[in-house]
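Given the sequences, and given the hints that come with them, work out the whole structure.
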Amino acid sequence: MTSVVVTVMPKQGVLDPQGQAVRGALERLGFAGVGEVRIGKRIELEIAGDDPAGAAREMCERLLANQLIEDYRVEVPG
Amino acid sequence: MTVAVVRFPGTLDHDSARRAVERLGAPAVWAWHADPELPPGTTAVVLPGGFSYGDHLRCGAIASRAPVMADVRRHAERGGRVIGICNGFQVLCEAGLLPGALRRNATLSFVCRQMELEVGDPDTPWTAGLPAGATLSIPVKNNEGAWYGDPGEARVVLRYRAGNPLGSVDRVAGIANRAGNVMGLMPHPEEAADPLLGSTDGLRVLAGVSG
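These protein sequence lines are chains C and U, in that order.
Those letters in the first sequence? Residues 1 to 78, per this note's numbering, in order.
Those letters in the second sequence? Residues 1 to 211, per this note's numbering, in order.
Hints listed in this document are in silico derivations from the structure and should not be mistaken for laboratory results.
A couple of the hints might just be wrong.
[Said to hold, decoys possible] Below are the SDA-like pairs computed for lysine to any residue, each with C-alpha atoms no more than 20 Å apart in a straight line:
1) C:Lys41 to U:Leu108
2) U:Lys141 to U:Leu197
3) C:Lys11 to U:Tyr148
4) C:Lys41 to U:Leu57
5) C:Lys11 to U:Pro99
6) C:Lys11 to U:Lys141
7) C:Lys11 to U:Leu57
8) C:Lys41 to U:Glu144
9) U:Lys141 to C:Pro17
10) C:Lys11 to U:Val169
11) C:Lys41 to U:Glu77
12) C:Lys11 to U:Gly96
13) U:Lys141 to U:Ser199
14) C:Lys11 to C:Val37
15) C:Lys11 to U:Leu108
16) C:Lys11 to U:Gly149
17) C:Lys11 to U:Gly167
18) U:Lys141 to U:Gly96
19) C:Lys41 to U:Lys141
20) C:Lys11 to U:Glu144
21) C:Lys11 to U:Ser199
22) C:Lys41 to U:Ala106
23) C:Lys11 to U:Pro151
24) C:Lys11 to C:Pro52
25) C:Lys41 to U:His56
26) C:Lys41 to U:Val169
27) U:Lys141 to U:Ala28
Quick caveat, the model's predicted, so the values are computed rather than measured.
Okay, here's the thing in structure tokens:
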């Protein structure tokens, strides 16, 4: 089994109200100089086979990400 | 005529949806998410609201890949009528049967209130007998109801009349595919189906399941 990490993020240009709310809260706590905040998700998978990254990409295309509003990144930590 | 009301694990509004359909005089039957096919003789499909699969991953994402959805797709491609309400709308978008996606409300809050809607496209089965601009009073209750997409790819059937509390592109409350036979909306027509509920306007939309 190979550990694979998938990161799914809202696409650039798609409003991220969660990120905006967190940015506002950080400002209220006195953290100056925070620019854009974007919130996505990290999915950790254990995948068998010789092409775990390829399999993870297919999983992203078919289920894990909605490519209309989200981008994904597949990493196999060394 | 038989209207199949589909239930997924976590569907909540199936009873009220079925009751509203039956109020229109349409016989209704249940369909289960794991069924390989819709019940025999199905002429229209209702995907009711709720929290299918606990809203995990994305609202509607897992339900849209459930076994029964393959037959819902075939039914839609044959021109059969399909209406998705709230979570059902999310399922139809995730299934690619309607364009766009539903995102977190701009307010980041659950919105539950009666809404005034205006008819944007009178030439659909779901707006039969209603002129463009007609007002319908139907409640919304959702957390992920902001439609995002290109209105040019859809028929905008219903818009929020005053304001845009969820943050939808183009004030979209409900859209149909180009052919008009597949409809999705965030407001709940089955909760505006009895004078006791304060409005029967939802029946005007749900009447699209017949014929």
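Status of each hint after checking the structure:
| no. | hint | in the structure |
| --- | --- | --- |
| 1 | C:Lys41 to U:Leu108 | holds, 17 Å |
| 2 | U:Lys141 to U:Leu197 | holds, 15 Å |
| 3 | C:Lys11 to U:Tyr148 | holds, 12 Å |
| 4 | C:Lys41 to U:Leu57 | holds, 9 Å |
| 5 | C:Lys11 to U:Pro99 | holds, 17 Å |
| 6 | C:Lys11 to U:Lys141 | violated, 26 Å |
| 7 | C:Lys11 to U:Leu57 | holds, 16 Å |
| 8 | C:Lys41 to U:Glu144 | holds, 17 Å |
| 9 | U:Lys141 to C:Pro17 | holds, 19 Å |
| 10 | C:Lys11 to U:Val169 | holds, 16 Å |
| 11 | C:Lys41 to U:Glu77 | violated, 34 Å |
| 12 | C:Lys11 to U:Gly96 | holds, 19 Å |
| 13 | U:Lys141 to U:Ser199 | holds, 16 Å |
| 14 | C:Lys11 to C:Val37 | holds, 13 Å |
| 15 | C:Lys11 to U:Leu108 | holds, 18 Å |
| 16 | C:Lys11 to U:Gly149 | holds, 13 Å |
| 17 | C:Lys11 to U:Gly167 | holds, 17 Å |
| 18 | U:Lys141 to U:Gly96 | violated, 23 Å |
| 19 | C:Lys41 to U:Lys141 | violated, 25 Å |
| 20 | C:Lys11 to U:Glu144 | holds, 17 Å |
| 21 | C:Lys11 to U:Ser199 | violated, 39 Å |
| 22 | C:Lys41 to U:Ala106 | holds, 19 Å |
| 23 | C:Lys11 to U:Pro151 | holds, 19 Å |
| 24 | C:Lys11 to C:Pro52 | violated, 24 Å |
| 25 | C:Lys41 to U:His56 | holds, 12 Å |
| 26 | C:Lys41 to U:Val169 | violated, 24 Å |
| 27 | U:Lys141 to U:Ala28 | violated, 24 Å |
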